[in-house]
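With chain Z's structure known, arrange chain A on it following the hints.
Protein chains in written order, with the numbering used here: chain Z, 1 to 169; chain A, 170 to 338.
Because the hints were derived from the structure by calculation, they are not lab data.
C-beta: ideal position from N, C-alpha, C; glycine also.
Reference listing, derived: stretches of chain A covered by chain Z, where coverage requires no fewer than 3 residues with Cβ under 8 Å from a Cβ of chain Z: (1) 221 to 229; (2) 232 to 238; (3) 247 to 259; (4) 281 to 287.
If you want the ones that stay clear, here's a sample from chain Z, every Cβ over 12 Å from chain A, calculated: (5) 3; (6) 5; (7) 6; (8) 19; (9) 22; (10) 36; (11) 136; (12) 139; (13) 145; (14) 147; (15) 150; (16) 151; (17) 154; (18) 157; (19) 166.
Number of protein chains: 2
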Amino acid sequence: MLTKDQKEKYMKLAFEQAHLAQDQGEVPIGAIVVDNSGNVIGKGYNRRELDEDSTQHAELIAIRQACHKMNSWRLVDCSLFVTLEPCSMCAGAIINSRVKEVYYGAFDPKAGAAGSVVNLFTVEKFNHHPQVFGGLYKDQAAEMLKSFFRQIREKQKEQKLSSQEKDNG
Amino acid sequence: MLTKDQKEKYMKLAFEQAHLAQDQGEVPIGAIVVDNSGNVIGKGYNRRELDEDSTQHAELIAIRQACHKMNSWRLVDCSLFVTLEPCSMCAGAIINSRVKEVYYGAFDPKAGAAGSVVNLFTVEKFNHHPQVFGGLYKDQAAEMLKSFFRQIREKQKEQKLSSQEKDNG
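Chain Z with its partners taken away, still in its complex shape:
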């Protein structure tokens, strides 16, 4: 297992990725993959709307990049850091790529597949079971998402008001 300092360092990098998503108007979720020497071999942020592609989640992008970097579909001995609990697709990709350890931030009560809705990491029949550590910097991670959606709602309200003003001449 990683030290507290290492976990902090890598989660910060995942947050940096989430900020890149936010800067482009995407739901702020970021992920990174680290090899067993501590090298960052994959980075990704949510690009679903930017790319109009439902598979462009932060984790999937980071995993694909890590596979290409390692020239292997097996990410044995690698760790994945992500600011939000993985969904089923991303949890499945983590299992498929044999990632050793998963560290995630906020819990996702709507789609979380690491315990919040289902837990794919503990299904006995699956051929790989990563170690999973949830709730890392969860307040910061949750606040980032809440503040993003708050801003979206405020913008929508402003647009509504401005269009009403136009209608009223």
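Showing chain A alone in chain Z's frame:
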């Protein structure tokens, strides 16, 4: 729901994709995505080893292609055909992209996420629930996989024998 003829036609196309995988030494799994007018908007076959990428499953490739074709991450009113029951990653991608109907061939007792190991399509809390029809041409689909693995084992046996013969001079 589609007619018997339509289902046969689209499953045949999924099998064609699976054959493309087999021709390149990959586990033969193929998938296609069809829009609500019956146009094939995504095709894919398993390329995990070819691309050394754990996310390169048939379904994911077909979904990504369909998203690009539609210029939308939402594949509402689309159907996905695949020769093997989707794994968690692919079932998650199907949910994320709001695919309406899923037709699959062989059951996967080791990793199937449409009922064989877990059933992600019936999890109440998830925000999308496709209609799922499993076991379509399941004997043909299962035989294709069995025959592939039989050939692999035979090749390995031959290689072992030939190396033993060399060792014996």
